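S.K.: Protein chains in written order, with this note's numbering: chain C, 1 to 230; chain D, 1 to 230; chain L, 1 to 230; chain Z, 1 to 230; chain F, 1 to 230; chain B, 1 to 230; chain U, 1 to 230; chain P, 1 to 230.
Please keep in mind that the hints were generated in silico from the structure rather than gathered at the bench. Treat the hints with care, as some may be off.
[To be verified] Straight line, CA to CA, 27 Å or less: simulated DSSO-like cross-link-like pairs of lysine-lysine:
1. U:Lys221 / B:Lys123
2. F:Lys123 / Z:Lys123
3. L:Lys221 / D:Lys123
4. D:Lys221 / D:Lys123
5. Z:Lys221 / F:Lys123
6. B:Lys221 / B:Lys123
7. D:Lys123 / L:Lys123
8. U:Lys123 / U:Lys221
9. L:Lys221 / D:Lys221
10. P:Lys123 / C:Lys123
11. F:Lys221 / F:Lys123
12. P:Lys123 / P:Lys221
13. Z:Lys123 / F:Lys221
14. B:Lys221 / U:Lys123
15. U:Lys221 / B:Lys221
16. Z:Lys123 / Z:Lys221
17. C:Lys221 / P:Lys123
18. L:Lys123 / L:Lys221
19. P:Lys221 / C:Lys123
20. C:Lys221 / C:Lys123
Note that this is a predicted model, so its numbers are computed, not measured.
Residue strings, one per chain:
8 protein chains.
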Amino acid sequence: MTSSQLDTISTLDYDRQTRSGLPEIVYAESKTPDQVAQILAALYAQTGTALATRASPEHYEVVHAALPDAIYHDLARLVSVGPPLRQPDHTEPYAAIVCAGTSDLAVSEECALTLDWTGYRVKRITDVGVAGIHRLFAAEDTLRQAAVCVVVAGMEGALPSVVGGRISCPIIAVPTSVGYGANFGGLSALLGMLTACAPGITVVNIDNGFGAAAAAHRILKQLVATPSTA
Amino acid sequence: MTSSQLDTISTLDYDRQTRSGLPEIVYAESKTPDQVAQILAALYAQTGTALATRASPEHYEVVHAALPDAIYHDLARLVSVGPPLRQPDHTEPYAAIVCAGTSDLAVSEECALTLDWTGYRVKRITDVGVAGIHRLFAAEDTLRQAAVCVVVAGMEGALPSVVGGRISCPIIAVPTSVGYGANFGGLSALLGMLTACAPGITVVNIDNGFGAAAAAHRILKQLVATPSTA
Amino acid sequence: MTSSQLDTISTLDYDRQTRSGLPEIVYAESKTPDQVAQILAALYAQTGTALATRASPEHYEVVHAALPDAIYHDLARLVSVGPPLRQPDHTEPYAAIVCAGTSDLAVSEECALTLDWTGYRVKRITDVGVAGIHRLFAAEDTLRQAAVCVVVAGMEGALPSVVGGRISCPIIAVPTSVGYGANFGGLSALLGMLTACAPGITVVNIDNGFGAAAAAHRILKQLVATPSTA
Amino acid sequence: MTSSQLDTISTLDYDRQTRSGLPEIVYAESKTPDQVAQILAALYAQTGTALATRASPEHYEVVHAALPDAIYHDLARLVSVGPPLRQPDHTEPYAAIVCAGTSDLAVSEECALTLDWTGYRVKRITDVGVAGIHRLFAAEDTLRQAAVCVVVAGMEGALPSVVGGRISCPIIAVPTSVGYGANFGGLSALLGMLTACAPGITVVNIDNGFGAAAAAHRILKQLVATPSTA
Amino acid sequence: MTSSQLDTISTLDYDRQTRSGLPEIVYAESKTPDQVAQILAALYAQTGTALATRASPEHYEVVHAALPDAIYHDLARLVSVGPPLRQPDHTEPYAAIVCAGTSDLAVSEECALTLDWTGYRVKRITDVGVAGIHRLFAAEDTLRQAAVCVVVAGMEGALPSVVGGRISCPIIAVPTSVGYGANFGGLSALLGMLTACAPGITVVNIDNGFGAAAAAHRILKQLVATPSTA
Amino acid sequence: MTSSQLDTISTLDYDRQTRSGLPEIVYAESKTPDQVAQILAALYAQTGTALATRASPEHYEVVHAALPDAIYHDLARLVSVGPPLRQPDHTEPYAAIVCAGTSDLAVSEECALTLDWTGYRVKRITDVGVAGIHRLFAAEDTLRQAAVCVVVAGMEGALPSVVGGRISCPIIAVPTSVGYGANFGGLSALLGMLTACAPGITVVNIDNGFGAAAAAHRILKQLVATPSTA
Amino acid sequence: MTSSQLDTISTLDYDRQTRSGLPEIVYAESKTPDQVAQILAALYAQTGTALATRASPEHYEVVHAALPDAIYHDLARLVSVGPPLRQPDHTEPYAAIVCAGTSDLAVSEECALTLDWTGYRVKRITDVGVAGIHRLFAAEDTLRQAAVCVVVAGMEGALPSVVGGRISCPIIAVPTSVGYGANFGGLSALLGMLTACAPGITVVNIDNGFGAAAAAHRILKQLVATPSTA
Amino acid sequence: MTSSQLDTISTLDYDRQTRSGLPEIVYAESKTPDQVAQILAALYAQTGTALATRASPEHYEVVHAALPDAIYHDLARLVSVGPPLRQPDHTEPYAAIVCAGTSDLAVSEECALTLDWTGYRVKRITDVGVAGIHRLFAAEDTLRQAAVCVVVAGMEGALPSVVGGRISCPIIAVPTSVGYGANFGGLSALLGMLTACAPGITVVNIDNGFGAAAAAHRILKQLVATPSTA
């Protein structure tokens with residue numbers, strides 16, 4: 001594809017990392033496999049690394065044909081090509097990524113692997129939903145020392161409220177579309193997190209592990225000596 | 001008012017207590033003060049005691065003029081006239097009524113006072129929302145020994161999920177319309193309770209402390225030696 | 001799978017039965033077949049019996065390969081492995097499970113078979129919706145003698161209101177997603193049950209037969225001499 | 001007001017009765033008292049009788065000053081001026097107007113008095129909601145002989161389903177905005193009636209007793225020897 | 001299948017036609033093909049004719065194997081077996097079935113063929129939506145002489161309002177789920193019809209051509225000399 | 001108020017007319033009367049004319065004290081001070097403003113008077129809703145010669161569909177919050193207009209007569225010889 | 001197919017172009033391939049050119065068999081047969097079609113190709129969403145000189161607000177169903193555009209590129225010397 | 001009030017500041033004036049300073065009588081008594097609080113004054129909505145140097161998307177309930193912010209300026225040498 005062909009489908013924003021901290025990352029879901037492959041190839045050629053979210057196996061097949069180094073993270077539905085944006089020091093501040101249940105892992109892994117790719121540290125705390133709240137307390141040291149905490153939960157989305165009442169770092173809540181009927185595609189968890197009684201909890205879009213990673217990145221970047229971005 | 005006048009506004013169901021365990025109780029909110037007074041007077045004349053929910057001061061004023069023994073419980077918005085339906089033994093099973101915040105007290109008192117009027121024991125646990133979850137744990141003995149637990153919460157409605165993971169008796173969750181915007185009149189708490197990850201939680205209508213009392217009554221009645229109803 | 005591998009996807013809560021009356025039960029719908037098989041195997045190894053809800057044939061295929069004793073209940077979408085948690089005495093109190101129409105059977109069977117697995121008695125009353133309300137009256141003896149009544153209905157969800165006006169035991173209503181357009185995935189039945197005019201009806205999530213079973217279990221457990229759980 | 005002044009606010013449709021069976025009737029709610037008075041006066045001058053719905057006491061005050069014969073029906077919020085459109089024979093087919101609870105009387109009276117004004121027969125059956133369904137059965141003769149049945153109910157709106165399973169005449173269901181929180185302004189009753197399991201029930205707008213009367217009028221008109229309209 | 005097997009899935013209501021005018025008709029959509037076949041066979045054996053709505057080709061395949069006389073109406077998704085319930089006289093009152101667009105034909109045919117099966121007369125007026133309102137006027141004679149008018153429309157559902165302003169017989173509006181995004185599964189047409197400015201329009205569930213036929217049947221039955229039902 | 005005081009509540013955009021065709025116009029509804037008065041005074045001082053929408057009598061009282069030339073248009077809830085932005089030639093293209101019912105006049109007058117203030121021609125067609133569609137046809141000449149047509153309707157919002165099928169100029173539909181319950185604050189009319197079957201209809205916000213005027217202004221400006229703006 | 005067969009599925013409106021500016025265009029989505037083919041063939045035979053929107057490959061296969069000249073535009077899901085309605089002069093006013101992201105291309109191409117088919121000029125501006133707002137500014141000359149601007153955006157739908165604050169021509173906003181969970185099928189973008197703070201933005205249905213083209217056509221037609229329609 | 005009286009309405013959480021960074025702050029809206037006064041007095045007695053949000057003048061009147069040092073911030077609806085929690089150094093990192101319009105000031109001031117009370121630095125940028133986006137660019141230096149940015153907007157809530165594309169610090173978006181009809185109580189802005197195309201934006205509840213302050217506090221606390229809390 002020539003660049004003029006690319007122009008008919010996209011206006012790439014190569015300056016985005018300088019301005020807002022992260023380079024352009026491709027949202028694959030509503031794009032054809034060809035579109036995703038073309039945009040990833042252009043970003044990879046320009047910057048040496050690229051990432052797509054919400055990629056299906058069909059997307060990956062076409063991307064992989066064009067970019068043999070591309071890797072597919074199937075649970076998280078990510079395609080990456082190239083190295084992380086930076087290499088974290090193992091003593092740096094880290095993000096704790098807490099997930100309420102096994103069913104929420106696809107979303108929490110989208111978050112964790114995106115943060116890996118941006119080059120920041122992550123610690124995972126898995127399956128500690130409020131129906132067995134002692135499991136959360138067992139992990140409280142890891143939580144308390146985190147620089148930012150991402151909490152992923154479906155159903156009623158109650159976990160961020162409990163976490164928020166126990167630690168003082170920034171908390172980013174991610175509602176998921178997991179649950180019986182009245183979850184309504186994530187609405188129950190979304191409303192639950194927005195109305196959390198513990199003050200200072202912020203929320204991103206339903207199932208949007210990527211958005212949580214980007215928000216955590218904005219916080220972590222200020223806390224390390226040499227951030228990857230201007 | 002003659003009985004034929006009453007017939008134009010109501011068909012009283014004097015047999016309801018025999019069939020379904022509770023006598024007819026008057027929902028005042030959409031009725032005129034005159035209608036409420038007439039229906040309460042008829043029930044009181046027939047059975048010796050009567051109760052109305054969602055009564056405003058305007059309702060009470062007219063009722064009180066007709067029935068000087070009527071009492072107004074202003075926080076709970078109840079009007080009662082006459083004694084409780086029975087007298088509980090102080091060793092009987094009791095209902096624990098747990099309320100997440102001071103703002104939920106109007107609803108939890110509607111529940112507690114209705115149960116008082118039906119003649120069953122109540123223990124109150126107040127302001128133990130999940131943002132300070134240790135407060136709930138401090139009351140856990142009272143919770144564990146309850147025969148039924150009513151949990152009243154607004155905002156995200158997370159408290160029943162935590163309670164449900166810690167005790168094994170029946171749990172009745174009551175969502176309230178308390179909270180900033182995305183509470184949407186109680187919708188956030190309602191959906192949160194319906195999708196609670198702790199299994200076996202049941203839910204009643206928004207702000208419906210009366211409904212929770214009626215449901216608790218159905219459970220308690222089976223556990224005492226001499227229930228008030230057939 | 002080693003236990004450390006299991007740790008990456010789940011934090012099992014082996015103490016849950018002691019605390020809240022039921023052991024951990026697996027919600028299969030948002031999990032991969034491998035995840036479900038690994039968690040069921042761990043629970044089965046620890047406790048000798050395990051259950052998963054919302055399991056597809058694809059889930060069962062992988063589970064069955066790992067646990068040859070696993071059984072698939074296709075209408076109810078349950079996978080069980082191992083015996084029930086206890087053996088009920090045939091004179092014990094029982095749950096009546098009432099279903100409005102044949103279309104609601106998948107949900108009512110999820111409830112009935114889950115209660116079977118927990119070891120409590122069940123009596124089924126099938127296809128007695130309010131369009132032919134005499135069918136309900138024909139079963140009224142079975143209803144009146146029940147210790148708890150689960151009512152499963154789609155469309156307008158009116159059946160619990162009628163049942164609630166005729167019997168005095170606890171009533172758990174389960175809305176289903178059955179019906180032409182304005183059922184909106186179970187919303188019509190859900191709202192109908194929450195606003196039921198018969199007092200004391202409680203509601204669980206849409207299509208959540210399992211949740212109703214867990215709620216019925218909380219009630220039945222108090223009424224039998226030797227419950228299965230602490 | 002001169003007719004040219006009237007033209008700036010309204011284009012009256014004097015031919016409506018010939019075309020569609022009912023003359024123009026004024027919806028007062030979103031109009032100023034002056035507008036309502038002007039339009040009623042014009043209709044009254046032209047046809048000798050006029051009706052307004054959803055009229056407040058403020059509307060009536062201005063109307064009454066202009067049209068001293070105007071009458072206010074406060075529960076139903078109707079203003080009428082002039083005689084009914086026709087005089088029914090007392091053996092004619094009639095509409096049964098069934099109302100689930102005393103709280104629904106404002107809406108059912110809007111329906112009944114509108115039909116009175118159109119000159120058709122009405123029989124009222126009041127406060128026979130499904131929580132005491134035997135009350136409905138007591139009135140079944142009146143129902144079975146009706147030419148059309150209007151059923152007014154709030155909360156879960158279950159009454160039309162039960163009625164629809166027992167009689168064969170046309171049924172018009174009117175949802176009302178009566179009930180605790182999850183009634184959501186009549187939505188629960190509306191959805192319940194639209195998804196009623198008894199076939200052949202039709203529904204009008206929330207709290208729209210007038211609309212039900214107009215629909216019943218379309219049916220009754222075909223069944224009488226000398227209808228009022230072409 | 002023995003009758004005791006049938007009892008485990010259904011409680012047939014053979015008396016329904018006497019009570020409410022139509023026999024039991026099978027809603028196939030949430031039933032398995034086996035369930036539909038068993039119920040149709042039982043109804044057919046008892047009464048000599050039977051009908052199922054919302055039947056898929058998979059349903060039909062199993063039904064046809066059991067009942068070789070069964071016929072599939074694919075656009076309307078109906079399965080019938082046996083003759084109509086009665087034979088109309090060609091001078092009897094008829095239902096006009098008006099459909100706004102070709103896309104609404106599946107729903108309007110569900111209505112028309114159901115009325116055919118009940119044995120009442122139908123006249124079809126097709127593709128006369130309000131974007132070319134003169135097409136409706138061209139059919140106005142057929143409309144004016146109808147005893148009842150069913151109007152089927154998707155998108156904004158405006159057609160019943162226009163029809164309602166021009167004719168005086170009963171009007172049953174059927175919203176369909178046809179249209180670009182903000183149709184929201186029929187919600188736009190449903191709300192449009194409920195709020196129609198022409199008085200006396202009644203509404204049935206989204207895409208529910210069957211429900212409209214049942215409602216029309218309730219009206220037509222009163223207007224013919226020898227109805228099929230008591 | 002000094003300009004530095006004004007800076008604490010507003011950053012005025014004096015260049016807006018050059019860029020986007022209209023000067024800044026004040027939305028009063030969520031502002032205090034003082035804020036509205038200060039902003040209007042600043043705009044009036046700078047440009048010689050100013051306008052506020054959604055102004056209450058309380059807003060006007062404070063504005064009038066500060067700006068004695070201010071005029072209140074009570075039905076339309078507008079406050080203007082100073083002359084129109086330009087003077088139209090009486091042969092210029094005009095906007096037809098069509099309103100479905102008298103109840104919609106407040107919104108259609110907000111539109112008409114805003115266009116008056118911008119200096120473009122307006123012709124009003126009032127109370128021609130689809131329940132009496134012949135009234136619209138009587139005004140069809142005025143419609144056909146319009147350069148742009150604004151159609152204001154509540155309830156089902158059907159009028160734009162009919163208009164859109166008969167004329168070819170740009171059509172701007174304005175849904176209003178007028179109607180019985182299922183209008184849901186204008187939602188029924190909004191969805192009806194968005195899904196209109198007549199192609200090429202565009203929609204503005206509920207009750208937003210001002211927005212429709214601004215949209216009409218964007219069209220008219222291109223059709224006159226000397227527009228008021230760059 | 002004979003014309004009488006066609007009459008059973010459609011009432012074609014051959015006069016539509018004269019009245020409302022565009023001929024009848026076929027909405028394929030809810031029609032069978034046979035229905036689409038028959039209607040397109042009839043329109044093509046009558047007028048020499050025809051267009052269908054929302055056509056799937058299955059629709060095209062049947063259409064192409066009947067009309068070998070038919071062309072499928074797969075991204076835009078259009079089928080056309082025959083030439084454009086007119087040939088634009090290259091100096092004529094044009095529509096700018098602005099699309100926020102690559103994911104919105106299917107909708108913006110539906111708009112662009114429909115306008116091509118109507119014979120009006122189009123300039124495309126692609127992938128200039130507000131996260132990199134400088135990309136929009138780079139295209140501002142093309143925007144400023146446009147006669148009408150169509151803005152297509154999913155997610156939060158913010159682009160029309162920014163465009164609306166910078167240019168003065170008519171703006172038609174098209175919300176798309178692109179985005180993570182809380183896009184809710186386009187609802188977020190739809191509400192965002194309806195409530196845009198820049199005045200004078202109009203909105204069409206979700207994903208309705210065709211509707212935007214029809215609206216743009218109504219505007220462009222007035223600005224060219226020899227429009228294609230009366 | 002004795003402490004045992006206080007116990008009947010509240011279980012104060014004096015340890016909250018140590019755990020989660022902020023002391024308990026009183027949500028006044030659903031509490032009676034007496035309840036608010038009692039709780040504020042207890043907190044003030046214990047810690048020397050206290051704050052209530054969503055306080056009405058009626059709340060303040062009772063509080064002021066009990067605590068004469070209490071101050072009412074009427075636009076922000078806050079009541080404070082006692083000094084800020086700490087005193088910031090004027091070179092510390094600060095929060096930029098950006099508000100889209102004058103109508104959003106009540107919410108942005110709730111945020112700013114709460115942060116003032118917690119003792120952190122704030123810079124305000126007022127009335128820079130996207131309809132005049134150059135106003136935002138004029139303030140870009142203040143934005144770029146902020147440690148965290150709170151963006152408050154009603155209507156379509158587009159401002160955070162634009163801000164998010166230009167700066168790299170954490171962004172907290174606050175939707176407000178400001179706007180014409182389809183704002184639906186803040187829903188349009190809420191959904192717009194949740195689906196923002198600029199990555200890494202987080203959202204709090206509608207009109208919840210306090211929640212945004214608490215979230216900003218969690219971030220700022222990590223960036224200063226001597227935070228006020230453990």
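S.K.: Which of the numbered hints are not met once you compare them with the structure shown?
M.R.: 2, 7, 10
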